[in-house]
Amino acid sequence: MDYLSFICLPREPLITNIMWRNLFLQAFYQVTVLLVLNFRGTSILQLKSKTREHANDVKNTMIFNTFVFCQIIIIEFLGKFTSTVRLSWKLWLASVVIGIFSWPLAIIGKMIPVPKTPLSKYLMRPIQRLRNHWR
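Just so you know, the sequence shown maps onto residues 6 to 140 in our numbering.
The set of hints was computed from the structure by calculation and includes no laboratory data.
Hints may be right or wrong, so weigh each one.
[Claimed, not checked] Using 35 Å as the maximum straight-line C-alpha spacing, the simulated DSBU-like pairs for lysine-lysine come out as follows:
hint	residue 1	residue 2
1	115	64
2	64	126
3	53	115
4	64	95
5	126	95
6	126	115
7	55	115
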């Protein structure tokens with residue numbers, strides 16, 4: 006085994022079986038909710054009287070809010086499960102303000118050109134050089 010491979014081997018798993026269970030459970034639930042709302046949301050939410058474009062906007066907003074609310078519920082009420090504690094209103098306000106700064110950052114980020122070459126190719130070059138050097 007080469008030196009670089011030895012360094013990269015984790016001594017303990019990064020994700021425990023309990024974490025995997027919780028991840029799969031949440032992923033299954035959230036994908037189910039996403040699919041149901043995406044494909045049947047217009048009728049479930051009774052948005053047929055609206056224009057198609059408005060109905061889609063309302064449905065997509067509902068999907069977004071649902072997932073944000075899922076995260077809030079997990080953080081606020083399942084603290085033992087997620088190792089979190091309830092936040093005061095001041096800390097919630099600070100969280101919202103910090104989150105708001107991501108909006109202009111997202112706008113700026115969309116202006117940055119993205120190369121066609123996958124980033125992994127750039128990241129793998131130094132590793133390949135090291136492997137070739139140690140052979």
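Do the hints match the structure? See the list:
Restraint check for residue 115 and residue 64: satisfied, since their Cα atoms lie roughly 24 Å apart, inside the 35 Å limit. In summary, the hint linking residue 64 to residue 126 is not supported, as the alpha carbons are separated by about 38 Å, beyond the 35 Å threshold. At most 35 Å may separate the alpha-carbon atoms for a hinted pair to count; residue 53 and residue 115 meet this at roughly 34 Å. Of the supplied pair hints, the one linking residue 64 and residue 95 holds, its CA atoms being roughly 31 Å apart against a limit of 35 Å.
Our distance criterion of 35 Å between C-alpha atoms is broken by residue 126 and residue 95, whose separation comes to about 44 Å. Using a Cα cut-off of 35 Å, the hinted pair residue 126 and residue 115 holds, with the two alpha carbons roughly 22 Å apart. Of the supplied pair hints, the one linking residue 55 and residue 115 holds, its CA atoms being roughly 31 Å apart against a limit of 35 Å.
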